[in-house]
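Residues per chain are reported as follows:
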Amino acid sequence: MVEAFAVASGKGGTGKTTSTLALGMALADSYDVTVVDADTGMANLLFHAGLADVETTLHDVLVEGGAPVEDATYERFGMSVVPCGTSLAAFEAADPERLRDAVADLAADTDVLLLDSPATLASKSAVLPIVLADRVVVVLNPTIPAVSDGLKVQEYALSYGSDIAGTLFNRVEGDIGDVAAKADRYFEGPLLASVPETDAAGEARAAGEPLLAHAPDSAAAAAFREAAAALDPADGDSGAVADRFRTAVIPDPP
Amino acid sequence: MIPDGELLRSRVVTDLAAVLEDALDRRLDGYAVVEPRDALLGDTDDSGVVTFEDGVPHLAYHVGSDRGGPPALAAIGPGPYRLELYALDATDLAIAHESDDLRVPPGMAAERLAGAPDLAERTRRVAGTDHEDGRDALDAFLDDEAAIAELRENARTEAKARAEQWGFEDAVPE
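So the protein sequences, as listed, match chains P and C. The first sequence begins at 7 in my numbering and counts up one residue at a time. The second sequence begins at 3 in my numbering and counts up one residue at a time.
For the record, the hints were derived by calculation from the structure and aren't laboratory data. Be aware that one or more of the hints could be misleading.
Said to hold, decoys possible - Listed next, the stretches of chain P that the computed footprint assigns to chain C, with coverage defined by at least 3 CB atoms under 8 Å from CB atoms of chain C: (1) 20-27; (2) 120-131; (3) 145-156.
As the list claims (entries may be wrong) - In silico EDC-like links for lysine to aspartate or glutamate, alpha-carbon gap of 20 Å or less: (4) P/K130 / C/E166; (5) P/K130 / P/D181; (6) P/K188 / C/E147; (7) P/K130 / C/D138; (8) P/K188 / P/E209; (9) P/K188 / C/E166; (10) P/K130 / P/D101; (11) C/K162 / P/E98.
The beta carbon of each residue, even a glycine, is placed where N, CA and C say it ideally should be.
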């Protein structure tokens, strides 16, 4: 079985990578989870997962005659994690077309595939994870730009035949009252959770650990677990998901 | 570090409030190049650059003094100014905007460059940095069903147009 989720927000700074790894760790209690840094242009996942020093990353898989994706897959915190590297030269040499094959290979051997997606809708390769995923988790902050961009992500996903898994209000300070409920009226999926702003998120990143490993007893960690429980991954056909990735449209080179 | 953007306007202005307000209303991703009077006369390179994200001033840099952040705003001299406003894709600003070195608080450009406290206040609300006001603004935004319907419709139209451009047509359901 496999279900592919894109974790997306239209803008940066919403805590998307923190959310991806938190959802991944929470789901890993019950499922085989693979997390992929699908933001090949701005690698971030590696810092959050203690993989900053690894030799082989997804970039090495995406080059001509590159390494098999297994070589860039690391078992960390109960999940399989596939990070991108930070070298601009490696990014430029990488061919996003190969991302489809790499993800198709990963889909054959996992229950839940989480794609940490680029924080933009401005290019074909940035939108590709949203097109390919079964469902999209929209990460919002309680600000007008974040909610506006989250709505755009939703409309792109729905336009391309992907469903909305739900919204995650992240970095919430204080009581946001009716705001989450009001926003929920405009989003297709359920409100998965409201996650309080916490210094632990930055500390976790600095320590190279997902939030759920660094501060498992924090209120934010509890909210992420609540969100993960509401996701209820579907028992999808691995072959069909792999085929979808293999046969998907070819993105432009970066 | 920041590529050239698309020139939106180029003119001499005496007051920067209108252009900052325009950037905010457009939710501009891009930057403004501001050359004060002295620079126009060729005395000194006194020009400054202010970047915008979602219409909110984000970074400031002053060329003559090589200063960044709030000191850069202070270094930009009095008007009139030659003003050039550029749009840029947010992805082209993302790396620069990750740096804290040149960061300015959201309302500071309106206060320092334009002497416009009301605009500064509005900018802070849009940026969501004034949490209580930001929340009120978000609340009001979410009550505006017509504006949100328009935003969603525009995004759908854009997604479909890009599906053709990007070869995603197969993904678009009938």
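Q.
Hint check: P/K130 vs C/E166, CA-CA at most 20 Å. Holds or violated?
A. holds, 11 Å
(Q) Would the hint linking P/K188 and C/E166 be met if the CA-CA limit is 20 Å? (A) violated, 33 Å
Q. Given the proposed pairing of C/K162 with P/E98, does the C-alpha separation stay at or below 20 Å?
A. violated, 28 Å
**Q.** Outcome, coverage hint (the region 20-27 of chain P, chain C; C-beta under 8 Å; three residues)
**A.** violated (count 0)
Q. Are the Cα atoms of P/K130 and P/D101 separated by 20 Å or less?
A. holds, 13 Å
Q.
Between the alpha carbons of P/K130 and P/D181, is the straight-line distance 20 Å or under?
A. Violated - the C-alpha atoms of P/D181 and P/K130 are around 37 Å apart, more than 20 Å.
Q) Given the hint that P/K188 pairs with P/E209, does the C-alpha gap stay at or below 20 Å? A) violated, 32 Å
(Q) Cut-off 8 Å, C-beta pairs, minimum 3 residues; does the coverage of the region 120-131 of chain P by chain C stand? (A) holds (count 6)
Q) Quick one, are P/K130 and C/D138 close enough, alpha carbons at most 20 Å? A) The hint is violated at about 35 Å.
Q.
Between the region 145-156 of chain P and chain C, are there enough contacts, at least three residues with CB-CB distance under 8 Å, for the coverage claim to hold?
A. holds (count 8)
Q.
Check the hint pairing P/K188 with C/E147 against an upper bound of 20 Å on the C-alpha distance.
A. The hint holds at about 10 Å.
Against the hints set out earlier in the document, violations occur for numbers 1, 5, 7, 8, 9, 11.
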